[in-house]
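Trainee: Here is what each chain is made of, one letter per residue.
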Amino acid sequence: MTIERRQYPEIDIDVFRAQVHGLTVLVVPRPGFQRRYAAFSTRYGGNDLEFVPRGGTEPVRTPSGIAHFLEHQLFDRPEGSVLQRLSALGASPNAYTSSTSTVYYVSAVDGFEQALDILLDFVQEPAFTEAGVAKEQGIIEQEIRIYQDYPHVQVYEDLMQALYQAHPARVPVIGTVEDIRRITVDLLNTCHRTFYHPHNMLLAVIGDVDPAAVVEQVERDLAGRSYGPPEPVRRVYPDEPEPVARPESRRAMATAEAYAAVGFKLAPPVPVDGSAPAPEAQRRVLLLQLALDALIGPASAFYQRLYDEGVFTDAFGYNVEVQPGAAHVLVSGRTNQPGRFCEEVLERLRSAAGQGVDPADFERVRRARLGSFLSVLDDADALNGLLVRDRLLGFDFLRTAQLLRDLDAGGAGAVLAELGRDGRAAVAVVEPKEDGRP
Amino acid sequence: MTDAMGFAVSRPAPGVEVRVRSSQRFHRTTFALFIEQRLAPDLASATALLPRVLRRGTASYPETLDLERAQEELYGASLDAGVVKVGERHLVMLWLTLPAQRYVPEPGLYDRGLALLAEAAARPARDPGGGLRAAYVGQEARELAREIRSLKDHKMGWAQQRCIAVMCAGEPYGVPELGTEEGVAALDAGFLTGYHQDLLARHPLTLYAFGPFDDPDAVAGRLAQVGAELRGGVLVDLPPAATDVPAPAEPRRVEEWEDMAGGWLVLGFRTGVVRADPDYYAMLMLSDLYGGSTHSRLFLKVRERASLAYAAGASYDASKGVMLAVAGVDPARRAQAEEMMLAELADLAAGNIDAGEFAASRATLMRRLKEREDRPGQMIMANLVGRIGGRVDGLEEALARLEAVTPEQVAAAARRVRLDTIYFLGGRGISGS
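Residue numbers (the working numbering), protein chains in the order written: chain A, 11 to 448; chain B, 86 to 518.
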């Protein structure tokens, strides 16, 4: 087994990588840390609604929410829930589903090897049953209703539907109650067979471990399983027109304060078929994040002015979100004036598209980004989340420090130009119901 | 001296403590400063507002924009300010985290960071008349009031807070951590200026550092200097939390209805067991067996087997001896959920604890203790909370004590638990969609 070692001397981190029966294994040794952490991920998320099943020829269309539903159901085993087996070791298991991936993870101090064996096994060996599906439908329906009570979740979902006309980024990962009811054992098995093949998956291990021992353990596990030959996953994505679906979305609900979100649609840096992005793509995304830090971050005059007026609050954030075939800038927060929140952010970013970023501001936010990157390295959860997210997009999160060294304000100005294009922005607002303040 | 958790302790002035621990494995360094106050209805809003104002500007960086920029210049130093409720104490806290010096090209990062922290605590931005800047006080009062209002948007947390308020009405513990909207509205810059002076001069103050230090003694020396400069007057005496309050003979029952889709049931219990109690580790085990993990009764029985709840769990606050059990349930099935939740606790009290679940809870608590060593912020909080509660155990001692707990002791601990309050926050229907 060849284990490739990649060094990041500027941050004292080494990453070991191996291909084990098609599965990519990444190990990040962290000597001296108590916690050992393993995450088993598949490139399968809320967006992957239509695809050609493995071994088939015709595409099938699956109900929204099925990737997340499958994630819940994999924990159910005839012998009881996997959660209990892991928990019995003292290990802490969990999982999450995003638009583009499903990640199962476990952290342990003692008994890590056993926990890793269980993780590898349950993710690869589904045991879906009619009874299990019926019970899960009840649980997820309640989960959907709980989300409906959260204004920050609603404003995000509304914005996605305003930004995208066809791309499944517009569909909530959790799905709808109606769609969840259409999920069957057969459908779950089809999804699992198609997307949970080692070639479509990634195992990351972080902690005080020996990379060779981890790779050997994974090798032992996979050697005993029979997968067919690798077959590229054929996802069917509708064409997404460049303009937004609609420039504005509004709703009233029982909330103490209004929430607003502003989105700018970008040319997707990662192709919709999930193939490797252009070599410059990661650098461009990072530049755009730095440009946002400089323009609207907490150390910008813009942010402080609007904070002083109550338009921005502590609950304010922004990000560049990238998925295969979709990308956008997201700015969102709680506000006393949702209309002004949206206008000010739109105006600020549109005008910056012509003016660029001040070099002194850029230098400062570059330092700050380096600091926040370094702090992630001490937190296995956060590190894993970003490592996996970037890896599945074809990026390398650990290169961040290196990339940061070579960026400048001119580059940030160039990537900002994209925000000046017409018809790419949308806003969403959730306002308190007049009669129903909680 | 070094305490049980490995922090080197010094006391440079009356009521001032400095605690420093070093470990080379980290990429980031954490400093923290705590000032202790009692939790009280007439003080809570001011205690909650003060750190927000301190965070807005200092003598050297009176404008927030400049203070923010100073942090970015220090390679993303992060100055955070807030309050925390520990039993019946209310603490103002300031945190400063910085990258480890070795990854940054400029020397002197820690000294510059500490100077910023000390200034934020003791030399805030002032108006020409010497008071705290009225504009900042006004804006932060507005923001704090909004934060208090929007607590209601996080339904589970809101239901838990309401349960505590009902159960501990009239006790300091029932006072909300962020104060109240009315309390905040009554504050002004003049009052807050005096309050700040009094807190600094007369209240217990602790400075922490945990990071990859080459010379921890030098860091401790610098912190001692900061602490000594802050100290001015005679130390106040803060009372310990009242931890032996009995539950009523008949549990209090409160239901509140709002425009929301789901429902949250919260059971409030008095355990009578605090950190310094001999039954502390048994009570920790009980709360985990009952609702702390995915192998726990509430999760397994109420959520998984009966599909009664999307979320179900229990939490134990050893600083007051209070335990809450919470479940997200369909309002129509709340009675069934309540019955089931109480039955599981009774079952544990009857000693029906199987070896598997017992071993799982023990292994889980041991893992959490060990993992905490990887998290400087958690270690600092654990040390602080332990000191206030009268018990600081090192990792080895805590593991040994957990190892020694028997199922009989857990059942006995469960028999000390008394139901005090049954609170339900329910939805009348789905809104907005």
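Quick caveat, the hints were computed from the structure, so don't treat them as lab data. Take the hints with a grain of salt, since some may be wrong.
[To be verified] Beta-carbon label-pair distances, calculated as ranges:
(1) ASP391(A) to ASN437(B): 45 to 53 Å
(2) LEU484(B) to GLY420(A): 54 to 62 Å
(3) VAL163(A) to ALA417(B): 55 to 63 Å
(4) VAL163(A) to ALA435(B): 39 to 47 Å
Virtual Cβ for every residue (Gly too), placed ideally from N, Cα, C.
Trainee: Does each hint hold? Answer for all of them.
Mentor: Outcome of the hint check:
A C-beta distance of roughly 35 Å is found between ASP391(A) and ASN437(B), which places it outside the suggested range of 45 to 53 Å. With their beta carbons about 56 Å apart, LEU484(B) and GLY420(A) fall inside the hinted range of 54 to 62 Å. For VAL163(A) paired with ALA417(B), a C-beta distance near 24 Å fails the hint of 55 to 63 Å. Checked against the given bound of 39 to 47 Å, the beta carbons of VAL163(A) and ALA435(B), roughly 41 Å apart, stay inside it.
When held up to the earlier numbered hints, the structure conflicts with 1 and 3 and fits the remainder.
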